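K.L.:
Now for the letters of each chain:
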Amino acid sequence: MDHTPGLLGTGMVAKTPFEELVTPHLQAAFNLAYWIVRSREEAEDVVQDAYMRAFRAFSGFRGVAAKPWLLAIVRNVAYRALQNRKRAANVIFFSEDLKHRDKETLSEAVSAEPSAESVLMAAEDKQRLLAALAALSVDYREVIVLRELEGLTYNEIAEAIEAPVGTVMSRLSRARAELRERLARRLAQDEPNAL
Amino acid sequence: MHCREAHEVLSALLDDEVGAEQHEAARAHVAGCSLCAEVARDYRRIGDKLRTAARMPAPPDLANKVLARLASEPQPANDNRRFYWRGFAQQAAMLLLVCGLSGLVGWHLAQSNFERHRLERDVVAAHVRSLLQDSTVQIASSESHTVKPWFNGRVEFAPTVKDLTAEGFPLVGGRLDFIDNRRIATLVYKRRRHVINVFMWPAEGQNPTAPVASMLQGYNTLTWTAGGITFWAVSDLNAKELGQLQGLL
Numbered sequence: 000m001d002h003t004p005g006l007l008g009t010g011m012v013a014k015t016p017f018e019e020l021v022t023p024h025l026q027a028a029f030n031l032a033y034w035i036v037r038s039r040e041e042a043e044d045v046v047q048d049a050y051m052r053a054f055r056a057f058s059g060f061r062g063v064a065a066k067p068w069l070l071a072i073v074r075n076v077a078y079r080a081l082q083n084r085k086r087a088a089n090v091i092f093f094s095e096d097l098k099h100r101d102k103e104t105l106s107e108a109v110s111a112e113p114s115a116e117s118v119l120m121a122a123e124d125k126q127r128l129l130a131a132l133a134a135l136s137v138d139y140r141e142v143i144v145l146r147e148l149e150g151l152t153y154n155e156i157a158e159a160i161e162a163p164v165g166t167v168m169s170r171l172s173r174a175r176a177e178l179r180e181r182l183a184r185r186l187a188q189d190e191p192n193a194l
Numbered sequence: 000m001h002c003r004e005a006h007e008v009l010s011a012l013l014d015d016e017v018g019a020e021q022h023e024a025a026r027a028h029v030a031g032c033s034l035c036a037e038v039a040r041d042y043r044r045i046g047d048k049l050r051t052a053a054r055m056p057a058p059p060d061l062a063n064k065v066l067a068r069l070a071s072e073p074q075p076a077n078d079n080r081r082f083y084w085r086g087f088a089q090q091a092a093m094l095l096l097v098c099g100l101s102g103l104v105g106w107h108l109a110q111s112n113f114e115r116h117r118l119e120r121d122v123v124a125a126h127v128r129s130l131l132q133d134s135t136v137q138i139a140s141s142e143s144h145t146v147k148p149w150f151n152g153r154v155e156f157a158p159t160v161k162d163l164t165a166e167g168f169p170l171v172g173g174r175l176d177f178i179d180n181r182r183i184a185t186l187v188y189k190r191r192r193h194v195i196n197v198f199m200w201p202a203e204g205q206n207p208t209a210p211v212a213s214m215l216q217g218y219n220t221l222t223w224t225a226g227g228i229t230f231w232a233v234s235d236l237n238a239k240e241l242g243q244l245q246g247l248l
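So the protein lines, in turn, are chains E and R. Sequential numbering from 0 applies to the first sequence in numbering that gives the first Met the number 0. Sequential numbering from 0 applies to the second sequence in numbering that gives the first Met the number 0.
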């Protein structure tokens, strides 16, 4: 397919308006999907479904910022995937599965393409950080991801999670406090000044 | 400000999303309180670490997969699209989805109108408030080269500042306002004895929009978007001359 690399932004011609607006956000879409469903495979499916929906809904898109609009769709699909997973799994089985899944995805995250800075961060330290983020409830985790990783403004986050800005503000505040507390509690035991 | 209050806005302070009134008080408190400063430092470091460590790289072939699915989209169902549901659940989910999406679109449309009325109330209130003060401006100058730099570091964008004395709209100066939960730039122009407040903030989209004129509490208002900035002009000046000012900015 000649047209394919256009999506990767490798300078192919004839991008549709849809591609132009939403393809730069593929990484952000995957990241958010991952941190909601916490499985790379499921996150891939979520992103694909979300892009199909975004594509179908695109004619209804009236040119506010594309990123929060797309992320709102990704989030809805991801939540639906979570619900389906819950419904599909026997409750006891489910919690077992989740434990296993956490371990699996954490080691995945640790080994994923280290950048110069992340090499400097001890792997153990990083694992703690990811575990702390994973341990947050999903509504806290998503605001942290949207703010700290994606750099959205409060207005944009409000649009993505379909909640008032005041809610964004208070959730972020509580999520940060909880993250800090989790990390401090653990770090205080072995390396008091690590944070 | 005490620690408890500061703690509530600390997170928003780091994101630069605290309202103008609270901003100074919160910053002053954090500067003088080692406890809050430490919390702020931790928040910042956790954020930095998350940015380097927690971002999940998308699989390199994901873009191609998405594109392949998009290419197959115009064809009717029963291709190899994968859904999480089957049969009845699939139909129900699709129905919900369609409702959700149309709701979203409708919400966006209704929202933009509602937004405009809400903002209009806010800017008219800010206009009236400015007239109650001893001075309508914090920086008084008709020099655009004096007024524009004053906004550096006070707002997060470069406002459009023009001296229109020659056109009969002398620039009085500028000030900060707080509209829609953020600090914005306000310029004050005059037309004869009429005070005109021009409120500006970064637009959400980059597309310019045509001016929309309206009237609230006897004040004429005019809003438009140009050059990535949303403008609101409010004055007791007649709508026609207010329109002239819009043309000049």
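No lab work stands behind these hints, which were simulated from the structure alone. A couple of the hints might just be wrong.
[Stated by the list, open to error] The calculated label-pair distances, taken between Cβ atoms and stated as ranges, are: (1) E:Thr166 to R:Glu20: 50 to 58 Å; (2) E:Gln126 to R:Ser143: 36 to 44 Å; (3) E:Gln126 to R:Gly152: 36 to 44 Å; (4) E:Gly150 to R:Ala24: 25 to 33 Å; (5) E:Ala134 to R:Asp133: 19 to 27 Å; (6) R:Gly242 to E:Tyr78: 19 to 27 Å.
[What the hints assert, rightly or not] Residues of chain R clear of chain E, computed beta-carbon distances all greater than 10 Å: (7) Ser10; (8) Asp14; (9) Lys48; (10) Arg68; (11) Leu96; (12) Leu118; (13) Val154; (14) Asn180; (15) Arg190; (16) Gly204; (17) Ser213; (18) Gly217; (19) Ile228.
Remember, predicted model here, so these are calculated numbers, not experimental data. Just so you know, even glycine gets a beta-carbon here, dropped at the ideal spot from N, CA and C.
K.L.:
Hint by hint, say whether it matches the structure.
P.N.:
For each hint, the structure was consulted:
no.	hint	verdict
1	E:Thr166 to R:Glu20: 50 to 58 Å	violated (21 Å)
2	E:Gln126 to R:Ser143: 36 to 44 Å	violated (55 Å)
3	E:Gln126 to R:Gly152: 36 to 44 Å	holds (39 Å)
4	E:Gly150 to R:Ala24: 25 to 33 Å	holds (26 Å)
5	E:Ala134 to R:Asp133: 19 to 27 Å	violated (54 Å)
6	R:Gly242 to E:Tyr78: 19 to 27 Å	violated (47 Å)
7	Ser10	violated (4 Å)
8	Asp14	violated (7 Å)
9	Lys48	violated (5 Å)
10	Arg68	violated (6 Å)
11	Leu96	violated (7 Å)
12	Leu118	holds (13 Å)
13	Val154	holds (14 Å)
14	Asn180	violated (6 Å)
15	Arg190	holds (33 Å)
16	Gly204	violated (5 Å)
17	Ser213	holds (21 Å)
18	Gly217	holds (31 Å)
19	Ile228	holds (15 Å)
Of the numbered hints given earlier, the model fails hints 1, 2, 5, 6, 7, 8, 9, 10, 11, 14 and 16; all others are met.
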